[in-house]
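Engineer: Model the full assembly from the supplied sequences, consistent with the hints where possible.
Chains A and B are the protein sequences, given in the same order. Numbered according to my numbering, the first sequence terminates at residue 704, and the numbering increases by one at each position without gaps. Numbered according to my numbering, the second sequence terminates at residue 124, and the numbering increases by one at each position without gaps.
Watch out, some of these pointers could steer you wrong.
[Claimed, not checked] Heads up, simulated DSSO-like pairs for lysine-lysine below, C-alpha to C-alpha not over 30 Å straight-line: (1) Lys112(B) - Lys642(A); (2) Lys642(A) - Lys657(A); (3) Lys657(A) - Lys112(B); (4) Lys660(A) - Lys642(A); (5) Lys112(B) - Lys665(A); (6) Lys16(B) - Lys112(B); (7) Lys112(B) - Lys696(A); (8) Lys21(B) - Lys696(A); (9) Lys696(A) - Lys665(A); (10) Lys16(B) - Lys696(A); (11) Lys660(A) - Lys696(A); (12) Lys665(A) - Lys642(A); (13) Lys112(B) - Lys660(A); (14) Lys696(A) - Lys657(A); (15) Lys642(A) - Lys696(A).
Quick caveat, the hints were computed from the structure, so don't treat them as lab data.
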Amino acid sequence: AQTVTQSQPEMSVQEAETVTLSCTYDTSESDYYLFWYKQPPSRQMILVIRQEAYKQQNATENRFSVNFQKAAKSFSLKISDSQLGDAAMYFCAYRSGQISGNTPLVFGKGTRLSVIA
Amino acid sequence: NAGVTQTPKFQVLKTGQSMTLQCAQDMNHEYMSWYRQDPGMGLRLIHYSVGAGITDQGEVPNGYNVSRSTTEDFPLRLLSAAPSQTSVYFCASSYPGTAIGLGEKLFFGSGTQLSVL
Numbered sequence: 588a589q590t591v592t593q594s595q596p597e598m599s600v601q602e603a604e605t606v607t608l609s610c611t612y613d614t615s616e617s618d619y620y621l622f623w624y625k626q627p628p629s630r631q632m633i634l635v636i637r638q639e640a641y642k643q644q645n646a647t648e649n650r651f652s653v654n655f656q657k658a659a660k661s662f663s664l665k666i667s668d669s670q671l672g673d674a675a676m677y678f679c680a681y682r683s684g685q686i687s688g689n690t691p692l693v694f695g696k697g698t699r700l701s702v703i704a
Numbered sequence: 008n009a010g011v012t013q014t015p016k017f018q019v020l021k022t023g024q025s026m027t028l029q030c031a032q033d034m035n036h037e038y039m040s041w042y043r044q045d046p047g048m049g050l051r052l053i054h055y056s057v058g059a060g061i062t063d064q065g066e067v068p069n070g071y072n073v074s075r076s077t078t079e080d081f082p083l084r085l086l087s088a089a090p091s092q093t094s095v096y097f098c099a100s101s102y103p104g105t106a107i108g109l110g111e112k113l114f115f116g117s118g119t120q121l122s123v124l
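Structural biologist: So, in structure tokens, the structure goes:
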């Protein structure tokens, strides 16, 4: 079974600075997807960024980018120019890429990010 | 589109009571799932369904039942509520896994906060 590990329960960053959230995963599959979800106090789950395992290029979405190291099974999230609105719980997640059927999303335990003004 | 709709948003039960958490989506998604979120535990999969008439267990299925009689609805039933089931519950859905570029993204409901006394 796949597992996702987020080793940082809490992180903090100064406004306008850069922070990196860590995520590692364990799988024997070669085809899969990786995600970062943001959960603000409103409780809504918001997709921040996604990465296909077959793509070597790291995904980027505005101030959010990932460092995807497939061999090391590492998928870190970098937030640049941090803003107060970035304060939230961040979850790393894995989903199998099997096209034979739908598969569940496996989540890490989350990292709570605080942004200091 | 309404997306994924969960009801109720909040619920308080007494130990031993039964109830059904409702989840409906209007996007014709084949895949639907239920997660529970507990502090320090991330999101854990309870049950999921890959289509009408098909359900399967996730990581923490005990104490919960599901059914999928239609594509749109995926209710979660607690037959005899226990304090250990106090949690936030999320329903999520997605397109078929073969929908490249669409199938891997999960759409989440806004969650149900359940307290069992």
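Engineer: Is the hinted pair Lys696(A) and Lys657(A) satisfied, with a Cα-Cα distance of at most 30 Å?
Structural biologist: holds, 21 Å
Engineer: Going straight from one Cα to the other, do Lys642(A) and Lys696(A) come out at no more than 30 Å?
Structural biologist: The given pair, whose Cα atoms are some 25 Å apart, holds under the 30 Å limit.
Engineer: Within 30 Å, alpha carbon to alpha carbon, are Lys112(B) and Lys642(A)?
Structural biologist: holds, 17 Å
Engineer: Are the Cα atoms of Lys665(A) and Lys642(A) separated by 30 Å or less?
Structural biologist: This hinted pair holds, its Cα atoms lying about 18 Å apart.
Engineer: Mind checking the alpha carbons of Lys112(B) and Lys665(A) for me, to see if they're no more than 30 Å apart?
Structural biologist: holds, 20 Å
Engineer: Within 30 Å, alpha carbon to alpha carbon, are Lys112(B) and Lys660(A)?
Structural biologist: holds, 20 Å
Engineer: Lys16(B) and Lys112(B): Cα distance at most 30 Å?
Structural biologist: Roughly 23 Å between the alpha carbons, so the hint for Lys16(B) and Lys112(B) holds.
Engineer: Given the hinted pair Lys660(A) and Lys642(A), is their Cα-Cα distance within 30 Å?
Structural biologist: Within the cut-off at roughly 14 Å; holds.
Engineer: Just to be careful, I want the Cα atoms of Lys642(A) and Lys657(A) compared with a cutoff of 30 Å; is the pair within it?
Structural biologist: Distance of about 10 Å is within 30 Å: holds.
Engineer: Does the structure keep Lys657(A) and Lys112(B) at a Cα separation of 30 Å or less?
Structural biologist: This hinted pair holds, its Cα atoms lying about 20 Å apart.
Engineer: Decide if the proposed pair is consistent with the structure: Lys696(A) and Lys665(A), CA atoms, cutoff 30 Å inclusive.
Structural biologist: holds, 18 Å
Engineer: Quickly compare the C-alpha distance for Lys112(B) and Lys696(A) to 30 Å and report which way the hint goes.
Structural biologist: holds, 19 Å
Hint check: no violations occur; every hint is consistent with the structure.
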